[in-house]
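Participant: Residue numbers (my numbering), protein chains in the order written: chain F, 85 to 495; chain Z, 3 to 229.
For the record, the hints were derived by calculation from the structure and aren't laboratory data. Quick reminder that beta carbons are idealized off the backbone N, C-alpha and C, glycines included. Hints should not be assumed to be uniformly reliable.
[Stated by the list, open to error] Cβ-Cβ distance ranges computed for the label pairs, FRET-style:
1. LEU473/F - GLU79/Z: 26 to 36 Å
2. ASN481/F - PRO117/Z: 25 to 35 Å
3. ARG226/Z - LEU473/F: 52 to 62 Å
4. ILE141/Z - LEU473/F: 29 to 39 Å
5. LYS102/F - PHE15/Z: 33 to 43 Å
6. LYS162/Z - ILE373/F: 45 to 55 Å
7. ASN12/Z - LYS485/F: 21 to 31 Å
8. PHE15/Z - LYS485/F: 17 to 27 Å
9. ALA431/F - LYS189/Z: 55 to 65 Å
[As the list claims (entries may be wrong)] Partner residues are not named here, just some residues of chain Z that face chain F (Cβ under 8 Å, in silico):
10. ASN96
11. LEU98
12. LYS112
13. GLY133
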Amino acid sequence: MNFKQTVLTALSGLSTHKGRSALTILGIVIGVASIIAVMSLGSGAQQLIVGEISQLGAETVAVIPGDDITDPTAIFADLLTQRDVDALSVRSNVPDRLEISPIVITSGLVSYRGESYRPGFIIGADAEFFAETFGMYASDGASFTKSDIQAGNRVVMIGRKVKNELFGDSDAIGESIMIRDSRFRVVGVSPAIGQRAMFDIDELVLVPYTSAQTYLVGGSGFHRIIIKADSPDHVNRMAVDIENTLRDVRNLRPDDSANFSVVTQQGLIDQISTIVGILTAFLVSVVAISLVVGGIGIMNIMLVSVTERTKEIGLRKALGATRQDILRQFLMEAVILTVAGGLIGIALGALVAFGASLVLVQVLVTGWEYSFPISSAVIGVGVSATVGLVFGIYPANQASKKSPIEALRYE
Amino acid sequence: MSLFEIQNLNKTFYGPPDTQVLFDLSFSIKKGEFVSIMGPSGSGKSTLLHILGFLLDPSDGVFRFDGKEYCEHSEEEIAHVRNKKMGFVFQTFNLLPRQTVYENVSLPLKYSSTPESDWDQRIKSVVELVGLSHRSDFITSKLSGGERQRTAIARALVNKPEVIFADEPTGNLDTKSGDVVMDTLKKLHKEMGHTIILVTHEKETAECAERMLYIKDGQIESDRKIH
Numbered sequence: 085m086n087f088k089q090t091v092l093t094a095l096s097g098l099s100t101h102k103g104r105s106a107l108t109i110l111g112i113v114i115g116v117a118s119i120i121a122v123m124s125l126g127s128g129a130q131q132l133i134v135g136e137i138s139q140l141g142a143e144t145v146a147v148i149p150g151d152d153i154t155d156p157t158a159i160f161a162d163l164l165t166q167r168d169v170d171a172l173s174v175r176s177n178v179p180d181r182l183e184i185s186p187i188v189i190t191s192g193l194v195s196y197r198g199e200s201y202r203p204g205f206i207i208g209a210d211a212e213f214f215a216e217t218f219g220m221y222a223s224d225g226a227s228f229t230k231s232d233i234q235a236g237n238r239v240v241m242i243g244r245k246v247k248n249e250l251f252g253d254s255d256a257i258g259e260s261i262m263i264r265d266s267r268f269r270v271v272g273v274s275p276a277i278g279q280r281a282m283f284d285i286d287e288l289v290l291v292p293y294t295s296a297q298t299y300l301v302g303g304s305g306f307h308r309i310i311i312k313a314d315s316p317d318h319v320n321r322m323a324v325d326i327e328n329t330l331r332d333v334r335n336l337r338p339d340d341s342a343n344f345s346v347v348t349q350q351g352l353i354d355q356i357s358t359i360v361g362i363l364t365a366f367l368v369s370v371v372a373i374s375l376v377v378g379g380i381g382i383m384n385i386m387l388v389s390v391t392e393r394t395k396e397i398g399l400r401k402a403l404g405a406t407r408q409d410i411l412r413q414f415l416m417e418a419v420i421l422t423v424a425g426g427l428i429g430i431a432l433g434a435l436v437a438f439g440a441s442l443v444l445v446q447v448l449v450t451g452w453e454y455s456f457p458i459s460s461a462v463i464g465v466g467v468s469a470t471v472g473l474v475f476g477i478y479p480a481n482q483a484s485k486k487s488p489i490e491a492l493r494y495e
Numbered sequence: 003m004s005l006f007e008i009q010n011l012n013k014t015f016y017g018p019p020d021t022q023v024l025f026d027l028s029f030s031i032k033k034g035e036f037v038s039i040m041g042p043s044g045s046g047k048s049t050l051l052h053i054l055g056f057l058l059d060p061s062d063g064v065f066r067f068d069g070k071e072y073c074e075h076s077e078e079e080i081a082h083v084r085n086k087k088m089g090f091v092f093q094t095f096n097l098l099p100r101q102t103v104y105e106n107v108s109l110p111l112k113y114s115s116t117p118e119s120d121w122d123q124r125i126k127s128v129v130e131l132v133g134l135s136h137r138s139d140f141i142t143s144k145l146s147g148g149e150r151q152r153t154a155i156a157r158a159l160v161n162k163p164e165v166i167f168a169d170e171p172t173g174n175l176d177t178k179s180g181d182v183v184m185d186t187l188k189k190l191h192k193e194m195g196h197t198i199i200l201v202t203h204e205k206e207t208a209e210c211a212e213r214m215l216y217i218k219d220g221q222i223e224s225d226r227k228i229h
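Please take these sequences and the hints and turn them into a complete structure.
Facilitator: What follows is the structure, given as structure tokens:
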């Protein structure tokens, strides 16, 4: 029997039991739909994160405490110091450096006359640098200045949402707010900017990094040092200079592992893509278990079908079908079932992911974009066909082994 | 030349318990003969037909078809012989009930090397031969017993086989339908020269053939010409 006839015969066999065929593929539909949805959402998350990081600009390099940015214990690593900043500020150490800014990151409550609000982050930084890098500028009032930083003045610039939560429609400029237990004077309010490079600017509270060290964090450490190169082409060279400078400052021997990380944007994108990829792969592998269950369901139904159609198998053999013909027919039925399930699952998964992305855009993350990786469709069809082949082979083999006359006598 | 040559053929169904159903059979059937195998229920006549039709292996003895020993056929060749050289008509029709007359008749062609372009003409000609052209698109479960059996005969003929096996072809039919089926078989023998091997327990049906083998308890009691 040729391939075309095998397909037609398999389709004819399946069409006589439409209801059962539909129920049989349900497991595959759900399994593939889940995989597609997870892969699509994973891809969307990856695109979002990469997009956010890319907003920092390719010429930006971050120095981070600890030797592994993916290590959760890195938050306990020794913070970066003023000595580090000073060494990196020396032109001869990092010739490609254009600008440098240390950053202190913390969190906590801010309040104004009994109104309290927990902003996304409380950042200690250079306001000018922050405006250039993250786009947070003042539309009401003005940013704090370098002299505020040098003096460690308790001045603050707040995001639009923070302002609205604390002050409503009232003017915030010149008013004093409490950040944790310290009083700061509002000098500037940013307009509604939204998400920029991993920060929701509207939810930020920005103070001079010196004030953050003194009044909010304690100590003289920094959580980040952001350095901009004069050109994106010099980023890798600058990263090497930064690493060498900091190793010198910290008296590290060549075989000592670094207790800091120098992260370029590309490096960060690669690392985060890897993390998201691993997470997605893990979720997909968990979901894939449902495909195995779906496959076992198919095998079970196919075995029932083989028993039910024993006379048909005997008849086909009596009329000249070989073992291979019967094997191929039942295998083709299983593959058609699973591939049909896979295709429906892809459509359903894409629909679910699309719905989820609409919800995410509306409710959670403004920068989320729906993504449907073609690779997920290929994987969906490939996996479902493989499930059909693997779980169809046993029932098909059982069918092909039936003796024609015993099958014809079967009642 | 003999189409079938049987010498000292035995058939045992291995159990437990082992049951021998055919004992030391020897006979031959020539090309173009119409032979009936008759005997009481349980005599082994259907088993013999199944062996002749390559549906069952003999336990020992010589069994040649068209000059070639059965054991020399590979599994593929056995399927090929069943498909191209033999046609089967069963007592219970064995049609695919949810498919049409046309689709049922086309079944053997799917396992043959006949070009698809010839299928339609072949199917239509055999359906016409058995007088079912007007029922060609009918689902077989909607047909009468006689029409179903004629569908089975058309299916048996579609690959132009050398021999047609009919196992109690009138067993499930009323007298009138049975007569139509037997007339069709006689016509196939007389006008088209097919070799026909018919198994029946009815004397009247057996006597439609030109030669009758009478089997009792797995042994040939008589082998005689009728016409």
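Participant: Hint by hint, note whether the structure agrees.
Facilitator: Checked hints:
1. LEU473/F - GLU79/Z: 26 to 36 Å: The hint (26 to 36 Å, Cβ to Cβ) holds, given that LEU473/F and GLU79/Z are roughly 29 Å apart.
2. ASN481/F - PRO117/Z: 25 to 35 Å: Holds - the Cβ-Cβ distance for ASN481/F and PRO117/Z, about 31 Å, lies within 25 to 35 Å.
3. ARG226/Z - LEU473/F: 52 to 62 Å: holds, 57 Å
4. ILE141/Z - LEU473/F: 29 to 39 Å: holds, 33 Å
5. LYS102/F - PHE15/Z: 33 to 43 Å: holds, 40 Å
6. LYS162/Z - ILE373/F: 45 to 55 Å: Holds, since LYS162/Z and ILE373/F (Cβ atoms, about 54 Å apart) stay within the stated range.
7. ASN12/Z - LYS485/F: 21 to 31 Å: holds, 25 Å
8. PHE15/Z - LYS485/F: 17 to 27 Å: Holds, since PHE15/Z and LYS485/F (Cβ atoms, about 18 Å apart) stay within the stated range.
9. ALA431/F - LYS189/Z: 55 to 65 Å: Given a distance of about 56 Å, which is inside 55 to 65 Å, the answer is holds.
10. ASN96: holds, 5 Å
11. LEU98: Where the cut-off is 8 Å and the nearest Cβ of chain F is about 6 Å from LEU98/Z, the hint holds.
12. LYS112: holds, 5 Å
13. GLY133: It is violated, given that the least Cβ distance between GLY133/Z and chain F is near 22 Å, above 8 Å.
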